[in-house]
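One letter stands for each residue in the lines below.
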Amino acid sequence: MKNCEYQQIDPQALATPTPTPTPTPAPTPSARACPEKKPRRPQRKWEVFPGKNRFYCDGRIIVARQSGVLPLTLGLILVTSGLFFIFDCPFLVKHLTGFIPVIGGVLFVFVVISLLQTSFTDPGILPRATPEEAADIEKQIDNPTGSSSSYRPPPRTKEVVINQQVVKLKYCFTCKIFRPPRTSHCSLCDNCVERFDHHCPWVGNCVGKRNYRFFYTFIVSLSFLTAFIFGCVTTHLALRSQGGNGLVFALQESPASALELVVCFFSVWSILGLSGFHTYLLAANLTTNEDIKGSWSGKSGNEETGNPYSYNSIFKNCCSVLCGPMPPSLIDRRGFVPSEDGAEIGPAEIELPAAKNDVNMCTQGTKGLLETATRSPFLSSPCPQAKSQAIPPPALDALPSITPSPSPSPSPGPGPGPGPALEQTKVSRERPAATTPHRHHSHHRSRSKRTAQQGHNPGHASNPPASPGPRRSHSSRSRKDSKTRDPKFTPLH
Amino acid sequence: MTTSLFQLLLLHSASLANKVFIQRDYSEGTVCKFQTKFPSELDSRIEKTLFEDTVKTLNNYYAEAEKIGGHSYLEGCLACITAYLIFLCMETRYEKVLKKISRYIQEQNEKIYAPRGLLITDPIERGMRVVSFHTMSPMTISNTSDSYGRIKRWTFL
Numbered sequence: 267m268k269n270c271e272y273q274q275i276d277p278q279a280l281a282t283p284t285p286t287p288t289p290t291p292a293p294t295p296s297a298r299a300c301p302e303k304k305p306r307r308p309q310r311k312w313e314v315f316p317g318k319n320r321f322y323c324d325g326r327i328i329v330a331r332q333s334g335v336l337p338l339t340l341g342l343i344l345v346t347s348g349l350f351f352i353f354d355c356p357f358l359v360k361h362l363t364g365f366i367p368v369i370g371g372v373l374f375v376f377v378v379i380s381l382l383q384t385s386f387t388d389p390g391i392l393p394r395a396t397p398e399e400a401a402d403i404e405k406q407i408d409n410p411t412g413s414s415s416s417y418r419p420p421p422r423t424k425e426v427v428i429n430q431q432v433v434k435l436k437y438c439f440t441c442k443i444f445r446p447p448r449t450s451h452c453s454l455c456d457n458c459v460e461r462f463d464h465h466c467p468w469v470g471n472c473v474g475k476r477n478y479r480f481f482y483t484f485i486v487s488l489s490f491l492t493a494f495i496f497g498c499v500t501t502h503l504a505l506r507s508q509g510g511n512g513l514v515f516a517l518q519e520s521p522a523s524a525l526e527l528v529v530c531f532f533s534v535w536s537i538l539g540l541s542g543f544h545t546y547l548l549a550a551n552l553t554t555n556e557d558i559k560g561s562w563s564g565k566s567g568n569e570e571t572g573n574p575y576s577y578n579s580i581f582k583n584c585c586s587v588l589c590g591p592m593p594p595s596l597i598d599r600r601g602f603v604p605s606e607d608g609a610e611i612g613p614a615e616i617e618l619p620a621a622k623n624d625v626n627m628c629t630q631g632t633k634g635l636l637e638t639a640t641r642s643p644f645l646s647s648p649c650p651q652a653k654s655q656a657i658p659p660p661a662l663d664a665l666p667s668i669t670p671s672p673s674p675s676p677s678p679g680p681g682p683g684p685g686p687a688l689e690q691t692k693v694s695r696e697r698p699a700a701t702t703p704h705r706h707h708s709h710h711r712s713r714s715k716r717t718a719q720q721g722h723n724p725g726h727a728s729n730p731p732a733s734p735g736p737r738r739s740h741s742s743r744s745r746k747d748s749k750t751r752d753p754k755f756t757p758l759h
Numbered sequence: 438m439t440t441s442l443f444q445l446l447l448l449h450s451a452s453l454a455n456k457v458f459i460q461r462d463y464s465e466g467t468v469c470k471f472q473t474k475f476p477s478e479l480d481s482r483i484e485k486t487l488f489e490d491t492v493k494t495l496n497n498y499y500a501e502a503e504k505i506g507g508h509s510y511l512e513g514c515l516a517c518i519t520a521y522l523i524f525l526c527m528e529t530r531y532e533k534v535l536k537k538i539s540r541y542i543q544e545q546n547e548k549i550y551a552p553r554g555l556l557i558t559d560p561i562e563r564g565m566r567v568v569s570f571h572t573m574s575p576m577t578i579s580n581t582s583d584s585y586g587r588i589k590r591w592t593f594l
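Those protein sequence lines, which keep their order, are chains S and L. Take the first sequence: its position 331, counting from 1, is numbered 597 in the numbering used here, and each next residue is one higher. Take the second sequence: its position 25, counting from 1, is numbered 462 in the numbering used here, and each next residue is one higher.
Rather than coming from a laboratory, the hints here were simulated on the basis of the structure. Some clues are possibly wrong.
To be verified - Taking lysine to aspartate or glutamate and the DMTMM-like style, the derived pairs with C-alpha atoms no more than 25 angstroms apart in a straight line are:
| id | chain 1 | residue 1 | chain 2 | residue 2 |
| --- | --- | --- | --- | --- |
| 1 | S | LYS405 | L | GLU489 |
| 2 | S | LYS442 | S | GLU313 |
| 3 | L | LYS493 | L | ASP559 |
| 4 | L | LYS470 | S | GLU404 |
| 5 | S | LYS434 | L | GLU465 |
| 6 | L | LYS474 | S | ASP402 |
| 7 | S | LYS405 | L | ASP462 |
| 8 | S | LYS442 | L | GLU465 |
| 9 | L | LYS536 | L | ASP490 |
Unchecked claim - Going by beta-carbon spacing under 10 angstroms, a handful of chain S positions derived as facing chain L:
| id | residue |
| --- | --- |
| 10 | GLN309 |
| 11 | PRO316 |
| 12 | SER380 |
| 13 | ALA395 |
| 14 | THR396 |
| 15 | ILE403 |
| 16 | ILE407 |
| 17 | THR440 |
| 18 | CYS585 |
| 19 | LEU588 |
| 20 | PRO593 |
Note that this is a predicted model, so its numbers are computed, not measured. Quick reminder that beta carbons are idealized off the backbone N, C-alpha and C, glycines included.
Let's have the full structure, built from the sequences with the hints guiding it.
Below, the structure is given as structure tokens:
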């Protein structure tokens with residue numbers, strides 16, 4: 267597979283094109299499928315996904331690259347609940363009521379299901395821009411005069427007016443799009459996520475537009491569950507220690523209850539606090555990201571700011587997020603990457619990861635139309651010269667100006683020259699480097715951008731955010747949680 | 438083979454040069470809505486009113502999909518009660534509207550855009566960021582049949 271994918275084309279090699287492309291990687295022009303290539307199984311789009319996610323069950327399940335402490339979360343919940351059902355429930359059923367395990371069971375099921383849904387659902391990842399879109403956006407951005415290609419252009423922003431409020435949309439250099447409002451780029455997952463709330467290590471995934479309701483259900487039901495277990499265990503121990511036996515005796519008789527008590531005692535404060543905080547965010551139609559950055563809190567004396575997304579009604583705000591329509595996943599994980607003949611031009615390199623997807627999405631979208639259009643006339647044409655003459659001049663005129671290799675060979679015509687060079691030079695327009703190492707250069711650039719931002723993080727983490735009380739009442743666990751979340755909220759994003 | 442490499446690159450270069458993107462309009466927030474401003478590149482290809490009709494209809498469809506009203510509340514509450522498990526079994530309203538949209542786009546392509554040498558791609562394939570119009574060269578169209586049914590012979594030059 268890899269040996270037949272598009273590799274960087276050496277302009278020198280194009281001057282003397284080989285009749286049969288060899289399967290060795292760059293710099294041979296191996297963009298066209300190798301004649302000796304054996305038919306490969308069609309790939310699904312998740313297999314070529316550019317972000318740092320992992321996929322299971324053939325693309326049905328998506329998680330972040332680092333699962334964080336999801337196993338710990340799941341383990342704690344399962345162990346504590348298991349101990350409760352095994353050791354505390356029999357006593358309580360005998361002495362109180364049989365509803366206790368039923369209620370506990372329902373809460374437990376809710377917690378586990380919503381946790382798994384939060385972890386395994388696409389949070390609202392935006393697919394990266396296709397090369398054509400990126401080029402179109404580049405054209406629209408005014409390039410300041412005199413900006414040579416020797417340094418990275420300044421961060422690009424675009425202003426839009428939303429409900430009489432000016433909102434700045436930032437350009438994402440990784441995804442090559444202007445981020446829609448409320449979208450942020452998660453550096454852990456390397457994706458832009460719509461309505462980005464935070465990256466939660468406890469669930470091992472980002473929390474965004476599509477899985478916020480699952481996350482909220484999870485923390486609310488978990489706070490009920492921990493409070494319920496805490497209450498039941500306390501009642502159990504109290505009942506056992508009645509009759510002058512004492513608490514120590516009760517603990518000796520039921521040691522598991524001691525463990526549950528400790529876990530629930532520390533959990534209930536942090537989880538209850540987190541639920542309260544997110545209930546506040548829901549009521550105000552805010553995200554954690556916006557709250558931490560103080561986007562709408564009227565910072566620096568700007569009295570004009572107010573949340574433009576709020577419906578100014580607590581009920582409507584809550585309902586719009588929790589009961590609103592479920593948006594679809596935009597990344598089409600299980601769609602097939604179209605076959606390479608004629609359509610797949612994008613290289614497997616890092617800085618143009620969407621190139622393949624783009625052409626693939628293009629052909630897949632208007633399925634029979636584009637695929638057959640690209641295949642049949644090209645493959646059946648006996649005369650490339652005739653085809654080259656059929657090219658309208660503007661299509662070719664636009665290209666030679668950015669061709670690094672100006673010497674086309676007679677037989678293929680001027681086509682091959684501009685084509686692959688276009689691919690290289692489009693990238694090199696943004697990230698100037700020699701043509702050969704530009705791939706690595708841009709990769710390092712995006713990497714260094716990320717590390718630079720994470721280098722800013724301690725500064726952000728050390729400044730306590732100016733936000734309301736509920737979060738400060740969290741225990742150390744969720745304080746750690748918010749600190750681990752903070753690094754994602756760098757201003758550049 | 439040189440022939441196929443050349444053709445491949447031709448397609449690529451042509452596809453880069455002949456796409457027009459209609460961006461999102463965020464003036465009403467994060468709802469999905471596309472700008473109705475008529476791009477100058479399509480000036481010679483299609484009438485402004487037809488273009489605006491298409492984009493406005495698409496915007497209406499998306500507004501219908503994202504409408505927060507009785508139906509969405511019912512769906513949301515039912516989902517909440519079942520711990521959101523019904524999303525695994527049931528097709529959501531949004532998905533139903535997306536199917537309507539792709540049928541509408543196909544119909545528009547057949548009736549209006551293909552005869553004029555244009556092709557719209559469904560925004561869902563671009564992450565709902567843009568509506569893209571592919572332009573085809575008149576020379577190529579004239580060499581092929583008029584009918585959209587024989588679109589297999591069209592190329593994008």
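Okay, the hints, checked on the actual structure:
Straight-line distance between C-alpha atoms of LYS405 of chain S and GLU489 of chain L comes to about 23 angstroms, which keeps the hinted pair within the 25 angstroms bound. The hinted pair formed by LYS442 of chain S and GLU313 of chain S meets the criterion: a straight-line CA distance of about 21 angstroms does not exceed 25 angstroms. Between LYS493 of chain L and ASP559 of chain L the alpha-carbon distance is near 14 angstroms, which keeps this suggested pair within the 25 angstroms criterion. Proximity of LYS470 of chain L to GLU404 of chain S is assessed by CA-CA distance (about 22 angstroms); at most 25 angstroms being required, the pair is judged to hold.
Of the supplied pair hints, the one linking LYS434 of chain S and GLU465 of chain L holds, its CA atoms being roughly 14 angstroms apart against a limit of 25 angstroms. Proximity of LYS474 of chain L to ASP402 of chain S is assessed by CA-CA distance (about 16 angstroms); at most 25 angstroms being required, the pair is judged to hold. Note on LYS405 of chain S and ASP462 of chain L: the hinted pairing holds, with a Cα-Cα distance of about 18 angstroms set against a maximum of 25 angstroms. Taking the CA atoms of LYS442 of chain S and GLU465 of chain L, the gap is near 23 angstroms; set against the 25 angstroms cutoff, the hint holds.
Between LYS536 of chain L and ASP490 of chain L, the direct Cα distance comes to roughly 19 angstroms. Compliance with the 25 angstroms bound is thereby established for this hinted pair. The beta carbon of GLN309 of chain S is not positioned within 10 angstroms of any beta carbon in chain L (closest approach about 17 angstroms), and the interface hint is therefore violated. Among the interface hints, the one on PRO316 of chain S is violated; its C-beta lies about 13 angstroms from the nearest C-beta in chain L, farther than the 10 angstroms criterion. Taken as an interface hint, SER380 of chain S checks out: its beta carbon lies about 6 angstroms from the nearest beta carbon of chain L, inside 10 angstroms.
For ALA395 of chain S, the interface hint holds, since its Cβ comes within 10 angstroms of a Cβ in chain L; the closest pair sits about 7 angstroms apart. The restraint placing THR396 of chain S at the interface with chain L holds, with a minimum CB-CB distance near 7 angstroms, inside the 10 angstroms limit. This hint holds: ILE403 of chain S has a C-beta 8 angstroms from the nearest C-beta of chain L, less than the 10 angstroms allowed. At about 12 angstroms, the closest approach between the beta carbon of ILE407 of chain S and any beta carbon in chain L exceeds 10 angstroms, and the interface hint on this residue is violated.
A distance limit of 10 angstroms between C-beta atoms decides the matter here; for THR440 of chain S the minimum to chain L is near 14 angstroms, and the interface restraint is violated. Taking 10 angstroms as the C-beta contact cut-off toward chain L, the hint placing CYS585 of chain S at the interface holds, the least distance being around 6 angstroms. Taking 10 angstroms as the C-beta contact cut-off toward chain L, the hint placing LEU588 of chain S at the interface holds, the least distance being around 6 angstroms. Checking PRO593 of chain S against chain L: minimum C-beta separation of about 6 angstroms stays under 10 angstroms; hint holds.
Checked against the numbered hints given earlier, the structure breaks hints 10, 11, 16, 17 and satisfies all the rest.
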